[in-house]
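All chains, full assembly: derive it from the sequences and hints.
Taken in sequence, the protein lines are chains A and B. Numbering-wise (our numbering), the first sequence opens with residue 1 and increments by one. Numbering-wise (our numbering), the second sequence opens with residue 1001 and increments by one.
Each hint should be verified, as a subset may be incorrect.
[Unchecked claim] Calculated lysine to aspartate or glutamate pairs in the DMTMM-like style (CA-CA distance at most 20 angstroms, straight line):
#1 LYS1101(B) x GLU1145(B)
#2 LYS1019(B) x GLU1234(B)
#3 LYS1101(B) x GLU1234(B)
#4 LYS1019(B) x ASP104(A)
#5 LYS1101(B) x GLU1209(B)
#6 LYS1019(B) x GLU53(A)
By construction, these hints were calculated from the structure, which means they are not laboratory data.
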Amino acid sequence: MTVIAVDAAAERLRWESAYRAAYPTLYLGLVAMGAHPEEAEDALQDAFVKGLERPGDFPTTSVDGWVFVVASRAWRRRRMRDRVLLPWKIWADRPTPSADASVDVLAALRTLPVRQRQIVVARYIVGLSQAETAELLGIARGTVSAATTQALASLRLRMEVEK
Amino acid sequence: MISSSDEQVVIALRVAAHKIVVPPESRWVRERQSVRAEWMMAALAIVALVAIVGALRGEPRTVPGSISHTVPPSETPAASASGPVTFDLYDDAPWVTARAKAAPDFVVLRPTWLPRTPDAASKCEINLLRLGEDNSGGYGATSSEEYHVWYIGTGVSPCLLMFGAHRDANWGGDLPNASPAPLATFVARGSVVYIRERGPGAFLLLWFENGAIYEVIAQGYELSDVVRAVNSLEPVR
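Here you go:
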């Protein structure tokens, strides 16, 4: 019994360590996708708890990717819940994460469909490969490739228009 | 393989994302229950209430078992081998432009040493030198009062080095002493350099010199290498 408890504590520490190592990049990814800071924090916390409860859900090859996908789903669920529960105007008028002009490209990113945003962030901010992205999102590699191409083209166009 | 124009978009995304402020580490793991756990607790409370009511009525009830808690994975993702660092330290153009745009008495500092090899855990492939030109792409402006020169990776992993400075007293004047406390300090060029960690492998170094605040952003490199690069800074003539 004691051995099991010690093993469990050690495993929790390993999981927390992996989670903490991934946290900054995943937080940036979620906020880049359009999550408000507090939403990103809550979503990552939910993914952390889920990792503790359901270890069989994630592949051992990419803890970062697993947490990103779980957290982004948690964020979207919260968005839907907030939209249902809060008066529309309050929800729509919530402040953006930053008024810094440097986030213009992020503003452009946030105009893309959520799936494209998720793929672009997974590939280029979280640093997942095309294969990892496809596996974690449960879609074909070709879909990842096509969505990436479309998303980058849209962003490029937006940035050229802004110039 | 993506085109060079798409690379620019990717780089702009990474730079902009890198400027998002990550909350302090004390908030990364909270004691509060997740929403799912809260619902679970509420459901258990209802079940317990029903069981109590049932017991009071003398009917047999089954007490729900405990929730099974197993453990997460024991391994973090394996680090990939580092790629080559191919940027040219002697690419003068952005530095010449920064010097030309900066006010004559504004000292532009350029590294004379840069880490050639990223740390073993990173996948840096820095091969692009870019001058901050405007704010639309997140690179920061280069003008008479500020400059930003970026060494940016175009590989899959975010990886970069940036050397910049601001003479606007309203820009970042409180950053060195802002909460939480800096990770560490050291003295370079006669000034105290404040090191702030932006997450594992990501650092922001700040110091005041000649009436300006200088900054170095580094991601994907050992801190000791970043410190060495700061110590190698020399004014651009």
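Here's how the hints hold up against the structure:
1. LYS1101(B) x GLU1145(B): holds, 9 angstroms
2. LYS1019(B) x GLU1234(B): Roughly 26 angstroms separates the two Cα atoms, so the pair is violated.
3. LYS1101(B) x GLU1234(B): Status holds; Cα separation ~18 angstroms.
4. LYS1019(B) x ASP104(A): Roughly 12 angstroms separates the two Cα atoms, so the pair holds.
5. LYS1101(B) x GLU1209(B): holds, 19 angstroms
6. LYS1019(B) x GLU53(A): violated, 33 angstroms
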